[in-house]
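Starting from the structure of chain A, add chains B, C and D where the hints point.
Protein chains in written order, with my numbering: chain A, 1 to 299; chain B, 1 to 509; chain C, 1 to 636; chain D, 1 to 98.
Take these hints with a grain of salt, some might be off.
[As the list claims (entries may be wrong)] Under the rule of at most 27 Å between Cα atoms (straight-line distance), these lysine-lysine pairs were calculated in the BS3-like manner: (1) B:K370 to B:K454; (2) C:K175 to B:K370; (3) D:K97 to A:K89; (4) C:K175 to B:K444; (5) A:K89 to A:K26; (6) B:K206 to B:K275; (7) C:K378 to C:K175.
[What the hints assert, rightly or not] Here are the simulated distance ranges between beta carbons: (8) C:L577 to B:A445: 31 to 41 Å; (9) A:A158 to D:H51: 30 to 40 Å; (10) C:M568 to B:I148: 38 to 48 Å.
[What the hints assert, rightly or not] Far from chain D, some chain C residues (derived; all Cβ distances over 12 Å): (11) E78; (12) H462; (13) W470; (14) L520; (15) A541; (16) A594.
Derived by calculation from the structure, the hints in this document are not laboratory data. Here the structure is a predicted model, which is why all the values come from computation and not from measurement. Note that beta-carbon positions come from the ideal geometry of N, C-alpha and C, so glycine has one too.
Given next are the chains, with one letter for each unit.
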Amino acid sequence: MGETITFWVLAVVSVAAAFGLVFSRKAVYSALMLGVVMLSLAVLYAVQDAPFLAVVQIIVYTGAVMMLFLFVLMLVGVDSSDSLVETIKGQRFWAIIAGLGFAVLLAAGIGNAVVGEPAGLAEAVKADGGNVPALARLIFTRYVFAFEVTSALLITAALGAMVLAHRERTAPKPTQKDLARARFLGDHPTPLPGPGTYARHNAIDMPALLPDGSVSELSVNRYIARYDVERGRLPENPRLAQALRNVAKGPATEQPKVVRAVAEEPEARVPADDRPPVSQAAGLPAEGRTEGPVEEEGK
Amino acid sequence: MPWLSILMGVPVVGALAVAAVPKGSDKLAKQLTLGVSLVVLVLTLAMAAQFDRSGARYQFSEVHDWIPSFGVHYAVAVDGIALVLIALAVVLVPIVVLASWHDADRPEAKRSVKTYFALILVLEAMMIGVFAATDVFLFYVFFEAMLIPMYFMIGSYGGAQRSYAAVKFLLYSLFGGLLMLVAVIALYAIAAKGTFLQPELLGAIKDPTTQKWLFLGFFIAFAVKAPVWPFHTWLPDAAAQAPAGAAVLLVGVLDKVGTYGMLRFCLELFPDAAKFFTPLILTLSVIGIVYGAIVAIGQTDMKRLIAYTSISHFGFITMGVFAMSADAGAGATLYMVNHGFSTGALFLLAGFLINRRGSQYIADYGGVQKVAPVLAGTFLVAGLSSLSLPGLSTFVSEFLVLIGTFENYVVPAVIALSGMVLAAVYILWMYQRMMGGPVQESVKALPDLNLREKFVVAPLIALLVVFGFFPKPLLDVVNPAVHQTLTTVHAPQFTPAIPVTAEKKGAGQ
Amino acid sequence: METAADFVQHSGGVIGASWLTIALPLLGAAILLLGGRRTDRWGHLLGVAMSLASFVVAVLVFFELLGFGADQRRRVVELYDFLPSGSLHVEMGLLLDPLSISFVLLITGVGSLIHIYSIGYMAHDPGRRRFFAYLNLFVAAMLLLVLADNYLGLYIGWEGVGLASYLLIGFWQHKPSAAAAAKKAFIVNRVGDMGLALGIFVVFTTFGTIAFNQVLPAAHGASEGTLTLIGLALLLGACGKSAQLPLQSWLLDAMEGPTPVSALIHAATMVTAGVYLVVRSGPIFEAAPTAQLVVTIVGVATLLAGAIIGTAKDDIKKALAGSTMSQIGYMMLAAGLGPVGYAFAIAHLIAHGFFKASMFLGAGSVMHAMNDEVDMRKFGGLASVMKITWITFGLGYLAIIGFPLLSGYWTKDGIIETAMEHNPILGWLAVIGAGITGFYMSRLFFMTFHGRRRWDADAHPHESPAVMTWPLIILSIGSVFGGGFLIVGNRFMEFLAPAVGRPEEMPSFHPFSLTGLVTLALVAVGVAYAWMRYGRSEVPAVAPRGSFLTTFARRDLYGDALNEALFMRPGQWLTRLAVFFDNRGVDGLVNGLAALVGGTSGRLRRIQTGYVRSYALSIFFGAALLVGAWFVVGNL
Amino acid sequence: MTTHYLVLSALLFAIGAVGVLVRRNAIVVFMCVELMLNACNLAFVTFARQHGNLQGQIIAFFVMIVAAAEVVVGLAIIVTIFRTRRSASVDDANLLKY
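Bound-form chain A, shown alone:
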């Protein structure tokens, strides 16, 4: 009876969470939904005489794998939400048809199958005195080769991840001398101006006033400016507010060339013909972003 209740509760939760996973616009929500599904499943494992798996599910999946997902999400950018508008014609329609068909067919098939009462695992684990020792016996005897192979797989995966994520340095690392020269060749030999001193809300989101009285857009970080704009926490002074808006709108406004020359992605210096041809087209918006301010400067 207890199992039935548990099952129905968790089944509803997990299916709902699964739908949430598929249909939420923000990837972080999806990740959390997936965590819910996994936890529910962990409980279901436990219910079904698989305590070891339940624990592994929680530790490995919910603990490690999910964290990895979230970490990558952070890396890629959590702030953007996906568009759910389908771009491939008929893809969504046919996907749903196929999914429905598949589910119905499978469920119908399973539902029609005649299944007796579960045999239960009590017999199987009795000799070893528990689920974990029984599993251990199997893993280290009969399936030891597979187990060893998985270790190789994991090492390979770790290596692969490192190789893939590694960023190849295509130019020699700039020395102190290079940095200094670049800095003094650029527009801003001095450090960027700090944020404004007349802080009322939050000191680092207040643009600084330069000695001639003008507002320095360089003094505010773009992300902070955007945060302010989105939250409507703009300063009351219209000049300052306008400056923040400019910063938030224009990407990386007025990053001094000196600084950019050092901090810019190395691929900007990769000769054009080393890149696959279409990536130039894909890279176009990014270039527009970086080139935009230069034009503004000209004006």
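Relative to chain A, chains B, C and D alone:
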């Protein structure tokens, strides 16, 4: 002594050795190739000398299991027909090697010279194998494997359009080969003898409908290979683009596998179907003879022209094969050999001309006879052999084919006779345009044949003349095999309308 | 009737070595061709020596043959097993009988004289060695033609002489006209050879052998239809080689070759091979009257056509070629008359060999003197400067028009009278032909040697050297006495009878028969008319336009035009069509198929959008379908 | 009871599959794949109990290991792609076509 395996092994080992020659010593590679091919020639002659003309049909037989579970054997042996064709191949190879001495090493080509010669040796081994195989499956393997070296010889050493020609050649041949593979497997399955050995499969297929389908499978493959009209269009392209030496091996030997296969497999394995299809095939042959000749007349490129003459000649061969008479069969076999020599000489001489002048268009020549009389003279002899002038061996074979066909099928033979006239037109017109007339400016400095080239042409012409006046050695070898084949097919014996009393000449003495 | 038993197997003696007649000139040709420039200095001498040696062997054989009784004069010399095939078994051998030995003597005799003559004629030609090589090759092939004891051997010789003729007509390959003429000769001959080959096929399928001594005795056993077919096929071959209608067109062009070639091949020997073939196959023709009739018709048609062409040609060699056609027409006519005509045919052939060779060589001598000019309108009055040539040519001329007691008189009148007895229409046509012969030969003779000198300014005619004049003299002796020697007293008929069969009654020669008188009168009229027009009156330097008939004759009776319209133009058209069809039709079909496959896959590859999700969708659909299928199948 | 678990497993699997097909964010697609793997694991575990045989659990265990490896590599690939393209949309990586 496993003669045939040795014959195949020597060139393979030679090819490996040639391929292993260090880069830069091309001359060594060439000399090695020539040496190996001459060794093979000597071995073949030694084998041929031991061939017992009145002995068993298949001699020098070797049978080893290859894939026992399917009854596939490494089985080789030769009868008279296979023997003369192997002899043709091994005679042509050293000649081709000598003729191609500088073909592969044009500096602008940047191709590996030794690879070319290694490929020739590999091809030689396969040509010997395909004629010697008595296991249908082994035959098929050689039949297809032969394409590979030839594909590379055309595709990487040929003329401007070489890749088009090579791909066309390959696709055509594969198309036929696949049909044959189906037929080979079906033959094995339906015969249910658990073996692929050709002698044991004789008469295994009784059902006439099955015979017809299997026959078609084999025949189309051979018809593409031969090539029989209308499967011929790959040949002019391939022959025109291939280097002259490769073209000789292609038209001279490789294509003979098609007609040889008809004689050995189509006829012997499926006698009833062969008889059923004979009218159709004779029609195709006659069309090929006349059509090939007419199209040859209209060619402007001499290598294409020679290729089309070959289509005409292959018409004669298939006609002879399917005429089902002893004379025509012997004639067709002889034709295969003689055509190899004759067309070989023509292609090689055309190659010499092209090397000198840099053009394969007939219109770019004129008056060559004046500046290079030996070249022109040998070209004329080769041309005359192509038009089957009596006194040259091609005449003997063409005459036998025609008279043998006439015994059983009057109308095709009479139409085919017109091929004689058309042959005269295409050869002599080409000769007139290229060699006659005033000397063209561009050929004024054309050098005559050098010593190497004379050594290339001389044996071919000598063979043509010797077998033209004295074909008996070849015929004696071929006749028993042809007789056996016809016995298998149950071809009727020819009887004249009014048999002259079989008295010897001059019995009155 | 003859039987195989009449043929005597022979091995020893000079006859046994008769193969030397063929082998020696062949050896000469081989040495000269393979020896290259090394043999340039003495090549011509070797050529002459080989030809003479062959002649000597032939004479010895002849005398040994004469030594046997008349019935024993058919000797077969077996050489070797040539073609042992399934049912066709050809043993190469030589057949020596009166017929073949007559030819052998003519070929080697006249051939040797022409060899000698050529030493002088070709003295300044850089290709003289090659020329003699070809001449030797020709002699060998021609001897094989007449000596072979089977049709295949004959055929080999037949095409061999065709090759030699091709090489010699095109000897000056650098002249496009010569190269074209050589090709034309070979191709037209090949059309004839096709007929000969067909004839051989029918012979083989009928009799199972192609040896003369087995086929000919058995010929009467075959059905008349078969024999007619064989006869007509052989006749086609004969027409090609002997330039009879309708395959006559090559002979006039063949005059592009050097003059000794015209004399030897295109007058004295090769072109008569057709007559030899018909006479040799006599038993076949005798049993097929229709074929015989066609032979005579062809003969008469050609003798008239050749004569008409001869009247209008201004080129001395072409005029002579026309006359050759015409004279061979007479021989054909005789050969078509059966045993009674054979002897006359061969006798005329031999006589013609002498006088026509003499005239051709004379013409060559004239050309030699006149800077290779051939236009008779630029000759005239040469009699005074070239005495020997004039006399020898004149004797040949008189012989050909049938001047009483000269060679042509005996042989040609014999033919005309036999034809008259056989079929008056043919006979009278032959008489008319003789009259025209009188005219055109006189025209030629007068235009060349008499009348006003119309030479070019730089012409300095002179008599030819002795090496050229001696052959002329010897040949003219033959043309004066040869015919009489052969015909008077039926000497030649008796000699030939064992070979060709004996007619029921030997023809007796009536010197003053009505036909003979009429013929003589007509010839006289022709000569007189020619004298009026060309001897006494002025000959215009440029040919007048002339009537339609003149143009008709000048254009070779439109033979070339006809060939062009009937064969060449449609042939070219057909060739172009076939090439087009091959490139666009057959190859186009193949390439079209390839393009179709290529196009289809080009379209199909658009399915590969690059969107992973599309691929995943199709995978998922596939999985769903599989599950569905599994249920369906599982429930069945 | 077993049937219920299996139906749940099938449902989750189908939902995951639909997610793979309709979502463009590579990370979400990955999550959906994980969902499908989990659904399979549920089925394995259920069958293990049904048959009284531990091998179902063993394979589920291996599936988890492989899934972990797969996630590591997959995410690394996503990061690399994102770094060059500034996008994690699977539709943007469509060069391998035609």
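Going through the hints against the structure:
1. B:K370 to B:K454: holds, 18 Å
2. C:K175 to B:K370: OK: C:K175 and B:K370 at ~11 Å, within 27 Å.
3. D:K97 to A:K89: Roughly 17 Å between the alpha carbons, so the hint for D:K97 and A:K89 holds.
4. C:K175 to B:K444: holds, 16 Å
5. A:K89 to A:K26: holds, 23 Å
6. B:K206 to B:K275: holds, 14 Å
7. C:K378 to C:K175: OK: C:K378 and C:K175 at ~22 Å, within 27 Å.
8. C:L577 to B:A445: 31 to 41 Å: Taking Cβ atoms as reference, C:L577 and B:A445 lie about 39 Å apart, which means the hint holds.
9. A:A158 to D:H51: 30 to 40 Å: holds, 35 Å
10. C:M568 to B:I148: 38 to 48 Å: holds, 46 Å
11. E78: holds, 78 Å
12. H462: Per Cβ check, C:H462 is outside 12 Å of chain D; nearest 88 Å; holds.
13. W470: holds, 90 Å
14. L520: C:L520 is indeed farther than 12 Å from all Cβ atoms of chain D, at 98 Å.
15. A541: holds, 82 Å
16. A594: Fine: 20 Å to the nearest Cβ keeps C:A594 off the interface.
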